[in-house]
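> Heads up: the sequence lines are chains A and B, in that order.
Throughout, our numbering is defined as the position within the first sequence, counted from one, plus 16.
Throughout, our numbering is defined as the position within the second sequence, counted from one, plus 11.
Check each hint, because a few of them may be wrong.
[Unchecked claim] Pairs of lysine to aspartate or glutamate residues, derived as DMTMM-like cross-links and limited to a Cα-Cα distance of at most 20 Å, are as follows:
| id | chain 1 | residue 1 | chain 2 | residue 2 |
| --- | --- | --- | --- | --- |
| 1 | B | Lys-455 | B | Glu-314 |
| 2 | B | Lys-511 | B | Asp-68 |
| 3 | B | Lys-455 | A | Asp-217 |
| 4 | B | Lys-367 | B | Asp-464 |
| 5 | B | Lys-455 | A | Glu-216 |
| 6 | A | Lys-521 | A | Asp-167 |
| 7 | B | Lys-511 | A | Glu-126 |
| 8 | B | Lys-455 | B | Glu-374 |
| 9 | B | Lys-511 | B | Asp-65 |
[To be verified] Here are some chain A residues pointing at chain B (derived, C-beta under 10 Å):
| id | residue |
| --- | --- |
| 10 | Thr-123 |
| 11 | Val-130 |
| 12 | Ile-132 |
| 13 | Ala-183 |
| 14 | Tyr-197 |
| 15 | Val-198 |
| 16 | Gly-199 |
| 17 | Arg-222 |
| 18 | Asp-235 |
| 19 | Val-236 |
| 20 | Val-247 |
| 21 | Arg-614 |
| 22 | Val-617 |
| 23 | Ala-632 |
Calculated from the structure, these hints are not laboratory results.
All figures in this text were calculated on a predicted structure; none of them were measured in a lab.
Yeah, the Cβ is synthetic: ideal placement off N, Cα and C, and Gly gets one too.
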Amino acid sequence: MIALISVVILLPFVAAFAGMLLGPRLSETLRARPPRDKAAPHAEAQAEAPAEGRRARWQAAATAERSPLRNGPALIACLPVAVAAVLSAVAAFAVWRTPGTRTGTLTLVETGTVPIEIGLRLDGLPAVVGLMVCLVALAVQVYSVAYMAEDPRYSSYAAFISLFTSAMLLVVYAGDLLLLYVGWEVMGVCSYFLIGHHWEDRANSRAAVKAFLVTRLGDVGFLFGVFVLGVGARSFDIGEIWARAGTLPHATVTAAALLLLAGVAGKSAQFPLHTWLPDAMAGPTPISALIHAATMVAAGVYVVARVYGVFLAAPAALALLGLVAVVSMLGSALAALAQDDIKRVLAYSTISQLAVMAAGLAVGAWNGAIFHLLAHGAFKALLFLAAGCVIVTAGSTMLRHYGGLRTGMPITFWSMTIGLAALVGVPPVSGWFSKDSVIEAAQHAAAHGGDIAAGGVHIPAGVAWTVYAGLLLTAAVTAAYAMRLWLMTFFGEPRGRYEVREAPKLMSWTVAALAVPSAVVGFFGLGAAELRPHLGSAVVALLCAAVGAGAAFSIWNRDPAADPARALGPAREVFARAFYVDELYAAAVVRPVQAVARQVVAVDRRGIDTAVVGAARGARRLAEPLRRPQNGNPQTYLTGLIAGIVLIAAGAVIFL
Amino acid sequence: MIFVLLLAIPLAGALALLLPAGRFLPGDGAVRRYGVGVSGAALLVALSAAAAFDYGDPSRVQLEIDRDWAPAIGLRFHLGVDGISLPLVLLTALLSLLCFVHALRHPPHGAASDRLLVGLLLVLEVGLLGTFTALDLVLFFVFFEVVLIPMYAVIVLWGGPGRRAAAYKFILYTLLGSGLLLAGMLLVAVNAGTLDATELARRHGAGIAHGVQVNAFLLMVLGFGVKAPMWPLHTWLPDAHTEAPTIGSVLLAGVLLKMGTYGLVRVALPLAPDGAAYWAPWLGLLAVVGIVYGALACLAQRELKRMIAFSSVGHMGFVLLGIATLTPVGVNAALFGNIAHGLITGLLFFLVGAVKVRYGTGELDRLGGGMLTEAPRLASVLTFASVASLGLPGLAGFWGEMLALLGAYRPHADLPRETFVTFMVVGGLGAVLTAAYFLRMLTKITHGAVPADRAAAPAPGPDGPDGTATRTRIAPISRCEYAAWTPLIVLTLLVGLWPKTLLAVTTAPVRALFGGG
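One chain only, chain A, in its complex shape (with noise of 0.2 Å):
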């Protein structure tokens, strides 16, 4: 069973070293023509007239889905990760007829100290999330296929994909803290290269520097739990640190649990690392589909998740994370509330979803946590790649231009509709089911004065009713976010010069394939106790959901032609800049920063290396004296010897 996930890891990243190097020459072989003929006069026309190149690109994207078979790079990346995810699956129904750990372990590498064991461990937790982690991946190369069908780095952009999934997936199996580590930050670099994929424009190129630097920061912290961890209990393995981490002194496991919530926050976009999740959108929209919605930021998530027993043996780093999350999730869900841009909307709903598996985790909603990642993972992908079909009819990122796209895409429309009906939490599509056990569990803990579901463990109770009260509130900003997107989108009149009709099949068909599991995933929760649904706290969250999904259609239904935002006020322009917390950090890290290494290198040119240059100018005004009687004067050097004689001698009479 190791040996097929290793298989599993491995696939993709084949792949992508395969892409990177072989693709284009790939498809030279399949080709009988060369294709670069058609995309040159594509991408003129896409300068000269907007309209024109929306139709260029459709056309595009439409004509590359008719020969995927002779796409070198695509048949690269998408046949290993389609293996990759039948075999996940195996894995995953193997451990499901037979549940239980199964570890196993390549080789140890001495360090000196604690050694560092690569291996792998498959249970109940990492299967479901791989074969998720591949399902997404496969969807979003194949619809990528269509969607970079002109872009002329689409083998490279393809291959860096892989290298994510592989590395993501190596987060995901990794039976040692420090082999997770290794790709916990592939999966950054990859994210770097991707959201940059569009360098061109130097406004992508620093977005996806933040976006790497903002998770580094939070990753240092996570390195240093990793070693407070691995020391503290004499190893890196997963299950050695879960076993140990009861009999670990208490101050130990807290710092551990503190640092590991530093990268957490960072990779899961949390507050306050939460900024550079927005700023990520500049990638392409299948990037944010995969890796900024599905898995990389999930990932924080599950490793919380992963090291569970830790964090139970640290209440106040449980504590802790409910309030980031709490804070999370309702900044940025009122943040999404004043967005322009589609993806914007996304981006902010996704901290929030994010925010809310982590509330999960504080109150002790293990199962109802992972399950609303799976959930999430599902109808966000769907999400964000309908809102690329809907990017590639308009032509455009934002809601202002949008509006009545309901009639000619109609499979985007019930897709889409049925993505934000399970962000929302409508019965009985999974976010409602997955939301609703993190909800109950905070309505249990908070009712119970902050006694966790977890066996023993508290967490103060002030804590759990701010978690409790904070889900509710998030629940009915959540569906006047989505209302608001879905009404723009797609009713009323279209307010943007653009041909209404359904994206390429290949891309069309992949979203539609992914309302299926966003439809249907909540059902399978059903088989556990406490993942079915439980009428008070369903009840409770509908009507916040109601009350927010009313409100947004009322401001809308006046006046379908304008933003219903508006009705925000002056706390519009507050929320779309998400509260000004870029600002600050620009203020009071980032100039900082900047403003010492240029004193740093005064300093080194004028401090230190004047004092070393100094040091040779002083020599040398030391050696001035002496170098005067050397002046090659035989006189001199004649009356010189004279008088030493005449010194010695005398010295000699007088004190002999």
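Keeping the supplied structure of chain A fixed, place chain B upon it in accordance with the hints.
Coordinates of chain B only, in the frame set by chain A:
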């Protein structure tokens, strides 16, 4: 015996170039090919030494030769390798060969003939290989010094516009360090009554008074610290790197700096362990100051080559931090960091050289941007090297830095733990700053659109009837460049993906260094 051969090949090669040019190898091309042949032969010998090495017992000194040299004062001609030095010997032989291969098509422009250049580089190789194989203190020092003169000459004869001042600074500074180093080594040797490094290491400082050890270690740290370079003794380095020709910079960064850190591990730690324990917190402090200082200096740097040079200060800071922890894992980290930095920074200097030749400038502002459009392959390799250098896991740069921080989390039991944990935190932030300056550089020069002045310049391509003319301005990567870069790229990946290749060799001797099994 094999190491005598290893040293004799480049030495004989250099001496043969003293024959009159008319009789032996007329023409620059022949001389350069000759250099490739000689250093290739040396690499083959080094590889066969590696093949003959018994990996079951890497802490034992192997393939030894131990002869009387000057018996009157107890000098011995003692060469050999263990797991600590073997990787460095291979790195030296490899980088020397790659430099010759690179120079085959891209010789540096300078005031003297290629014949002199090849001869000097071969002498340099002798000195470097000798430093890493010598096991007698005086012999070690002799080789240590042999390196200086050829490098000085390479900088002063083939360097950039400010070469004279840079070369003077380089040689005077390092000579001053060498003087201190010699004093420190002799202080220990005289007190212990032997010059043999293996014998002294076996004693773990027994029989040498505490005060002597403290003084000797300080002298040795200052000596090696100049070479490493340790902040604030680093100021020779940016100038020397910036002015040196490409292959000079590659060897400086790739191998010469390692002499300092290798010396600390091979000579300073085992000879004066008490002194090491006394000075370790200060060494650690200077190391983390170097990490942050180097990163900040890079962040505001405007010249590409100078930036890479300063990045060495930061990276070697991690190596020094590892040593300062006085733990097996820390020293392991240092040895790993040495090799990783040699591979990655060597590659970076090759790339910077390629950029400067093609664009005629290394100023970030004048380079503008759009390198990925104009020279996609060069820019891709540059991106790869930068990402490796910022310590991405899965590439070579990560393991050294990570293990150094891990060592600092739990330093040797005699050291103040809180201090070192603080160093760890500062070092970790330095790693973030390292990422920041490399990404800033990539954004500045590889991303964005090609600057208007370059894009607009009419460049009649030889076969470009259409709009591909702008591309032809930037020369494609030559075969020699590929040959010089590919081994470094492959090794960076290999060592990064499979760190056991190095750690399996170094762990046992490093444990032995601290008296463990």
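> The structure should be examined with respect to each hint, and the outcome stated for every one.
Hint check results:
At roughly 12 Å between alpha-carbon atoms, Lys-455 of chain B and Glu-314 of chain B fall within 20 Å of each other, so this suggested pair holds. Of the supplied pair hints, the one linking Lys-511 of chain B and Asp-68 of chain B holds, its CA atoms being roughly 15 Å apart against a limit of 20 Å. Distance check on the hinted pair: Lys-455 of chain B and Asp-217 of chain A sit about 12 Å apart at the alpha-carbon level, within 20 Å; holds. Distance hint between Lys-367 of chain B and Asp-464 of chain B is fulfilled; the C-alpha atoms sit about 17 Å from each other, no more than 20 Å.
Distance restraint check for Lys-455 of chain B and Glu-216 of chain A: the Cα-Cα separation of roughly 11 Å lies within the 20 Å cut-off, and the hinted pair is therefore satisfied. With a C-alpha separation of about 18 Å, the suggested pair Lys-521 of chain A and Asp-167 of chain A falls inside the 20 Å cut-off, and the hint holds. Pair hint Lys-511 of chain B plus Glu-126 of chain A holds up; C-alpha atoms about 8 Å apart against a cutoff of 20 Å. Proximity of Lys-455 of chain B to Glu-374 of chain B is assessed by CA-CA distance (about 11 Å); at most 20 Å being required, the pair is judged to hold.
Taking the CA atoms of Lys-511 of chain B and Asp-65 of chain B, the gap is about 16 Å. The hint holds against a cut of 20 Å. Interface hint status for Thr-123 of chain A: upheld, as the beta-carbon distance to the closest one in chain B is roughly 6 Å, under 10 Å. Interface restraint check for Val-130 of chain A: the shortest CB-CB distance to chain B comes to about 8 Å, inside 10 Å, so the restraint holds. Annotation: Ile-132 of chain A was flagged as interfacial toward chain B, and the flag holds, the nearest CB pair being 8 Å apart, inside 10 Å.
Annotation: interface hint on Ala-183 of chain A holds; nearest CB of chain B at approximately 8 Å, less than 10 Å. Given hint, Tyr-197 of chain A at the interface with chain B, holds; its Cβ is 6 Å from that chain's nearest Cβ, closer than 10 Å. This hint holds: Val-198 of chain A has a C-beta 4 Å from the nearest C-beta of chain B, less than the 10 Å allowed. Look at Gly-199 of chain A: its Cβ gets to within about 8 Å of chain B, closer than 10 Å, so that hint holds up.
Proximity of Arg-222 of chain A to chain B holds as hinted, the smallest CB-CB distance being about 7 Å (cut-off 10 Å). Given the 10 Å rule on beta carbons, the hint for Asp-235 of chain A holds: about 9 Å separates it from the nearest Cβ of chain B. At about 4 Å, the closest approach between the beta carbon of Val-236 of chain A and any beta carbon in chain B falls short of 10 Å, and the interface hint on this residue holds. For the restraint placing Val-247 of chain A at the interface with chain B, the shortest Cβ-Cβ distance is roughly 5 Å, inside the 10 Å limit, so the hint holds.
For Arg-614 of chain A, the suggested interface contact is upheld, since its CB lies about 5 Å from the closest CB of chain B, less than 10 Å. Checking Val-617 of chain A against chain B: minimum C-beta separation of about 5 Å stays under 10 Å; hint holds. Contact between Ala-632 of chain A and chain B, as hinted, is supported at the beta carbon level, the nearest pair being about 7 Å apart and thus within 10 Å.
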